[in-house]
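Keeping their order, the protein sequence lines are chains A and B.
Per my numbering, residue 1 is the first one in the first sequence, and the count goes up by one each step.
Per my numbering, residue 1 is the first one in the second sequence, and the count goes up by one each step.
Careful, some of the hints might be misleading.
[To be verified] For the chain B half of the interface with chain A, some residues (derived, Cβ under 8 angstroms), not all of them: (1) C13; (2) D16; (3) Y18; (4) G26; (5) Q27; (6) F31; (7) G50; (8) G54; (9) Y56; (10) R58; (11) E113; (12) V115; (13) G133; (14) S137; (15) R206; (16) A215.
Worth flagging that the hints you see were computed from the coordinates, not collected in a lab.
All residues carry an ideal CB built from backbone N, CA and C; glycine is no exception.
Here is how the chains run, residue by residue.
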Amino acid sequence: MSAIDTALLERHGLTRDEYDRIVAALHREPTLTELGIFSVVWSEHCSYKSSRIHLRKLPTTGARVLQGPGENAGAVDIGDGLAAVFKIESHNHPSFIEPYQGAATGVGGIIRDIFTMGARPIALMNSLRFGALDGRDGARTRRIVEGVVAGIAGYGNSIGIPTVGGEITFDDSYAANPLVNVFCLGIARADALVKGSAAGSGNPVYYVGAKTGRDGIHGATMASAEFDEKSSEKRPAVQVGDPFMEKLLLEACLELMRTDALIGVQDMGAAGLTCSTSEMGSRGGSGIEIDVSRVPQRETGMTAYEIMLSESQERMLLVVKKGREAEVEAIFEKWDLHAANIGDVMTDGILRVKDKGAVVAEIPNSALVDAAPVYDRPTARPAYLDRVATIDPAALGSGAPPDHTFAALLSSPTIASKRWVYRQYDHMVRTNTLVLAGMGAGVVRVKGTDRALAMSTDGSGRYTYLNPRRGAMLALAEAARNVACAGALPIGATNCLNFGNPERPEIMWQFVEAVEGLAEACRALDIPITGGNVSLYNETDGQAIYPTPIIGVVGVIDDASTTLSRTFKQRDDEIVVLGENLGELGGSEYLRTMHGLVQGQPPALDLAKERALISCLVRAAGERLLQSAHDCSDGGLAVTLAECAFDTGGIGLDIDVKGVGSLQQTLFGESASRAVVSIRPEHFGRVLTLAAELGVAAVKVGRTGGSRIRIAVDGVRTIDSSVEEAERVWTSALGRYFAGRAA
Amino acid sequence: MKFAVVVFPGSNCDHDAYHAAKHVLGQEAEFVWHKETSLGGADVVILPGGFSHGDYLRTGAIARFSPVMTSVTEFARAGGPVLGICNGFQILLEAGLLPGAMLRNRDLKFHCEHVRVRVEQANTPFTSGAAVGRILSLPIAHGEGNYFADPETIQLLESTGRIVFRYCDENGTPTDAANPNGAMNNIAGICNDARNVVGLMPHPERACERVLGSADGLVLFESAVSAVTAHGALHTATA
């Protein structure tokens, strides 16, 4: 195999050192097929070689955790003998190259991860990051946004899983490297979770789903490298999704899982047949032998190398009990799917690949998995941190009038209503959606029980850029707070860590800081991480994105009828701010929108206070004391109050708050651990008592009423706008960037 | 009485229609797989929403060839009440049980939101419990709901009172602004000449419980129950 030279290794994204490791583990040189297999299993995307040692710092256990990291998705106990199975994953690189298919196949991939666990998927969400719509690459960004949104809609709508929420931020940091993080949640019987492991010598290995083509070869390797001007040439590495095929697979697999004929199942995601066979064998402590000539193929003349590395979508690998083949095949036939027996489980712990009987790869699991490289990459605190640490007061001046700023923030695409987007997503199918898209956290009821599940995905790249440790902590805190605002107790989280090139010490420093911050916040808020995904090399032409940890938190509402949304319900309710305003403008949307600055320290986070606020919200909601609750974040108190008035048919508010520093700090500062709640007058006293018991600051700031948004600071009216006018600005801002009828 | 909910490969509102009939109304309901040739003695047949066969080729174009459609056609010809919702409506159009066709929404985008429709006709088995002029708040979720037919067909539908639902504003006026997809004459739903086959783009099964934002869709199911009860087992499908 002297043909293996440096150029070949480079094409496979392997270093010379990694190649030497392969030779040492195999005690010989690999065949080309074996080299291909190693290259994808050892890619950053599949092996987590740069992140693994740090991810171990995350708390992953808890009384409710049924499945932590390591399987296709995590699972938590939600009571009634049921489990919530959920995970978030990135599809960043493909979505930049081919937005529609990149996003669509991202949705398809995360759905497969959920039903592979034996769960019926019941909700989708997504966190998206794009460049500025009117920035230097505005035209391209708008095209990417349209493609990504259409791709998510095209896949999720067709397969019939509601997209119940999500969030979008626009910032030029993502102009050449958008982020598409997709989250899926499913429900399974807690005692019937399915594992992705192969066991039982002689048990047949089945392949089911779409045929294998040449699409997506080296997709995992692509996701493990930076972009440059040649990236568009990588288009063939993006797969094409077929949601109809996936719908059939979903129904057929769930039907099969109701029998006891199944041993294990794994979807073929990144690195397709290679990862699924090696991971199933490795998890089950067994070997898998397959013959690629028995793999259904879409194209003629495919080599073993191509078949093993293809990332064609909508394919599953199953191990079933010997003797039950006919039963299994009949279920797939019913759904017009062909299940092909491509091999068997062996006891020898070896992944053996044959082509028409001839062995083309023979790799012990130990070589592929145990010998995989794990890097403790060097870190260095980035120099930029000192440059951005403080806000230059001279740059701020005296600031624009608050009402002008208020309108500007409402029309900032990051803050503006995302109706133009979520209207394209079927967010109601399955008739479980209790809080409609755009009205707060995503909330779905669990039919057959009294419960509902709330979910939220959050993360601020700007905060994390300014202070990686605190930024990650704030991401978890905000997601947990959002879930609590729906009345749900947060019980588990999944993370998607989007960073730049880990081979650069400054990026690695951001990553380590963020993971450690996240770990600390998870422990303090008692929310374990049950799985997730790391996406590195989010750079183009050497320019990294803001470090962006996206955290998805799932919470449980024991009585679904206590569910809350963000909106005021009637006039003459008391409006109370829970938590303290510290007047913090660092990293705020205000600084970015009004001054073009990304500076200062992100808001301070006192985890004990955050935990108290969450308890307060959950208990008050459970006792039916609240009419609405809304997390105070982007745009600060003024924007949060306005959002409580939107989508209510024009219920106004009259507020007087105590000033903290300047008017801008008071109105637009983004201090953490705050929520705006509305309360019927008769429950007002009880809420204040509860807040006092839990040590949560609670200040009555005014009442709902009229049809104007009136906000005074220390008795002086600073904002006075009709709800209708403000809502028009907020609702129409996003749609105006896109062709066709505005929202 | 019994509802049959036909399941095509790619149906995805089948569980929702079943839930509405069985758990909200408390009636019998049964899924009928598209390869079946019997409707299992059902009194009412629902073709649910979704993306049958992925909506590849054309919405509803492949589903109409499913074996079960022969039974559905016979059931309809015998006067049995048939409701096609969204993709089910599209299938009824392709099967020739209702006239016309669907174009893509005029802004070429999928729309999922609550809209208002006005009940135009109460003399169908699915609207007998609703007064003409009643405004219902129902969700839509479709990319191809832009109803189209030739002028003669539109004229016929208008003159024979076969337009059952029309998109309207809060006053019940069928304005262009209230039309979410560009459908001709704001048509949201129609019936056949015998009035027992009704198709509509909005999703009444998603609006049967207050907690989901609207219970206005219940009237379609309740009307069907009354209609069947009033007729006894006259139209019961052969087992």
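- [ ] Under 8 angstroms, Cβ to Cβ, is where Y56(B) needs to be relative to chain A, so tell me if that hint holds or is violated.
- [x] Constraint on Y56(B) satisfied, holds at 7 angstroms.
Open item on the list: Please check whether G54(B) passes as an interface residue: C-beta within 8 angstroms of a C-beta belonging to chain A.
Closed with: Holds - the Cβ of G54(B) comes within 8 angstroms of chain A, reaching about 3 angstroms at its closest.
Task: chain A contact restraint on Q27(B) - CB to CB distance below 8 angstroms - done: Violated. Min distance 16 angstroms.
Task: Restraint check, 8 angstroms cut-off on beta carbons, for E113(B) near chain A - done: E113(B) check passes; min Cβ-Cβ to chain A is 6 angstroms, inside 8 angstroms.
- [ ] Verify the interface restraint on G26(B): the C-beta must sit less than 8 angstroms from at least one C-beta of chain A.
- [x] violated, 15 angstroms
Open item on the list: Given R58(B) as an interface hint, is its Cβ closer than 8 angstroms to any Cβ of chain A?
Closed with: Because about 14 angstroms separates R58(B) from the closest Cβ in chain A, which is outside the 8 angstroms limit, the hint is violated.
Task: Per-residue hint verdict: A215(B), partner chain A, C-beta under 8 angstroms - done: Status violated, d = 12 angstroms.
Task: Proposed interface contact between Y18(B) and chain A, which counts if any beta carbon pair is under 8 angstroms - done: violated, 10 angstroms
Task: V115(B) as an interface hint toward chain A, with CB separation required under 8 angstroms - done: Constraint on V115(B) not satisfied, violated at 11 angstroms.
Task: Restraint outcome when R206(B) is required to lie within 8 angstroms of chain A by C-beta distance - done: Hint on R206(B): holds, closest Cβ of chain A at ~5 angstroms, below 8 angstroms.
Task: Interface hint compliance - S137(B) to chain A, C-beta minimum distance less than 8 angstroms - done: Because about 12 angstroms separates S137(B) from the closest Cβ in chain A, which is outside the 8 angstroms limit, the hint is violated.
TODO: Go through the hint on C13(B) and say holds or violated, using the shortest Cβ distance to chain A against 8 angstroms.
DONE: holds, 6 angstroms
Going through the hint list in order, the structure does not satisfy hints 3, 4, 5, 6, 10, 12, 13, 14, 16.
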